[in-house]
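Colleague: Here the protein sequences line up with chains A and B, keeping their order.
Just so you know, the first sequence maps onto residues 1 to 242 in my numbering.
Just so you know, the second sequence maps onto residues 1 to 187 in my numbering.
These are computed hints drawn from the structure, not numbers from a lab.
Given the structure is predicted, the values throughout are model-derived calculations rather than measurements.
Even glycine gets a Cβ: it sits at the ideal position worked out from N, Cα and C.
One thing to keep in mind: the hints can contain errors.
[Stated by the list, open to error] From chain A, some residues computed to sit far from chain B (all C-beta separations above 12 angstroms): (1) T2; (2) T116; (3) P195; (4) A238.
[What the hints assert, rightly or not] Calculated pairs, EDC-like style, for lysine to aspartate or glutamate (alpha carbon to alpha carbon, straight line, at most 16 angstroms): (5) K165(A) - E231(A); (6) K165(A) - E11(B); (7) K164(A) - E231(A); (8) K169(A) - E10(B); (9) K165(A) - D89(A); (10) K164(A) - E232(A); (11) K169(A) - E11(B); (12) K164(A) - D89(A).
The chain contents come next:
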Amino acid sequence: MTRQNYFWIRASLLSLFVFFAISLFFWGILAYNIPPLDGSISAADLAQHFRDHAARLRIGYGVALPMYALMLPWSVAVFALMRRIEGGDGIISYIQLGGGILTVVVMSMGNAFWLTAAFRPETDPAIIQMLYDAGCLTVDLFFGVTTLQYCALALVLLQDRAPKKLAPKWFLWLGFWLSIEFMLEIIMPHFRSGPFSWSGLFNYWLPFFGPITWVTVMTIILYRSVHRFEEEDRAALAASSS
Amino acid sequence: MRATGRLPGEEGLWSFIAADMMLFALLFGSFLSQRAAAPSQFAEAQALLVPTFAIINTIFLLTSSLFAALAVQAERGSRPGGTRLYLILTIGLGAAFLAAKLAEYYHEISAGVSPASNTFFMFYFVITGLHFTHVVVGMGILAFVGFRMRGEVPPERRQYLVESGASFWHMVDLLWLVILPIFYLLP
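All chains, full assembly: derive it from the sequences and hints.
Modeller: Okay, structure coming up:
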């Protein structure tokens, strides 16, 4: 790879943090998602919430929605680094890439439902509630693509044969666990209140902050790994020249 | 081949196990805090459970763990031979546990109970359902271990595989030993 390639890989990895910052402010704070609305909120109260805060919600969701695209360069940069490790005809890197692309689509779709509710908040409260529920169910139940993405990433890094591994095994296995832990979302549609509802401990806070923390640390690890690949390229070039 | 001062099996698996146990600890803690807030409601719901099922399942799981431990010992050389038989017995008892658990669920659902009945049964079905999934996964891991041990496999690799599978299985058993008292035995 050229110096320019590595520059774009680094920049693409850092795009995740830009996405996090934008999402935290616009989706999390402006759009009232951190903390989330209670899962047991009635249609009337929900519609009133959307009417009272329509402008703010439109700004929050309206900015957050297109910014999900910033997760895409991250997935592609990770793919490029995974290919260096996996090599040959390996396909696991492609699973990560596919999962990453679909995660962008899924998260964007969920936000689109919420933005639609904020677009015409004077609509029938039952419709507002259905749009809100559609957003929650979409974001929560499409976890499979993200599970595959993170599992693929951990799997390839476990195959790293370099003397100094990119990441410790325990961290990668924790990644496996966090991505599989999403499966608890399967029970979310059965509960409208309590710890297993959309806003509950087990189906909001844990699957939200756990993987985000892991991905943040993983991004730092991968950012630092770029230097290793640059050194490998220089050594290979020097060997072929001599 | 004797065990040395190290984590048995795959080291990384232990962070998986630790995270899993922390999740269950959170679940158990949530259940107990809800129970403390509504003790009589929880006692009424608990009375609808049939302890016989729990006793049978405890016997199945504890015995299966014994066989898993014997499989590890066989690979470590203390009881040479028989690893595959012990793994088969472990998986068989796991299947027996699942069958008994399904029978119990059928009995409860036939009696009109569901996760939506009340908070007790919400936690009961979620936690035991999650545990059920872990038993299935554990059986799959042990079956994979048995499959991978066919043919010429170096002794260190065999020990690594069996210890990894057994470690996960013992976690599944340990979780049941907490589920049993908090759902069936606590007054």
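Colleague: Is A238(A) truly not at the interface, in the sense that its beta carbon sits beyond 12 angstroms from all beta carbons of chain B?
Modeller: Given a closest Cβ separation of 35 angstroms, the condition holds.
Colleague: Should the label of T116(A) as a non-interface residue stand, given a Cβ cut-off of 12 angstroms to chain B?
Modeller: Given a closest Cβ separation of 30 angstroms, the condition holds.
Colleague: Sort out whether E231(A) lies within 16 angstroms of K164(A), counting only the CA atoms.
Modeller: Answer holds: K164(A) to E231(A) is near 13 angstroms, not above 16 angstroms.
Colleague: Within 16 angstroms, alpha carbon to alpha carbon, are K164(A) and D89(A)?
Modeller: Roughly 24 angstroms separates the two Cα atoms, so the pair is violated.
Colleague: Evaluate the condition: distance from the CB of T2(A) to the nearest CB of chain B exceeds 12 angstroms.
Modeller: Label holds. Min Cβ-Cβ 35 angstroms, cutoff 12 angstroms.
Colleague: For the pair we were handed, K169(A) and E10(B), check the Cα-Cα distance against 16 angstroms.
Modeller: holds (9 angstroms)
Colleague: Straight-line Cα separation of K165(A) and E11(B) no greater than 16 angstroms?
Modeller: Measuring from Cα to Cα gives roughly 15 angstroms; hence the hint holds.
Colleague: What's the verdict on K169(A) and E11(B), does the C-alpha distance respect the 16 angstroms limit or exceed it?
Modeller: With a Cα-Cα distance of about 7 angstroms, the restraint between K169(A) and E11(B) holds, given a limit of 16 angstroms.
Colleague: Holds or violated: K164(A) with E232(A), Cα cutoff 16 angstroms?
Modeller: Measuring from Cα to Cα gives roughly 13 angstroms; hence the hint holds.
Colleague: If we take the beta carbon of P195(A), is the closest beta carbon in chain B still more than 12 angstroms away?
Modeller: Violated, because the least Cβ-Cβ distance between P195(A) and chain B comes to about 5 angstroms, which does not exceed 12 angstroms.
Colleague: Does D89(A) lie within 16 angstroms of K165(A) when you go C-alpha to C-alpha?
Modeller: With Cα atoms ~22 angstroms apart, K165(A) and D89(A) exceed 16 angstroms; violated.
Colleague: Checking one constraint from the list: CA of K165(A) to CA of E231(A), max 16 angstroms. Satisfied?
Modeller: holds (15 angstroms)
Checked against the numbered hints given earlier, the structure breaks hints 3, 9, 12 and satisfies all the rest.
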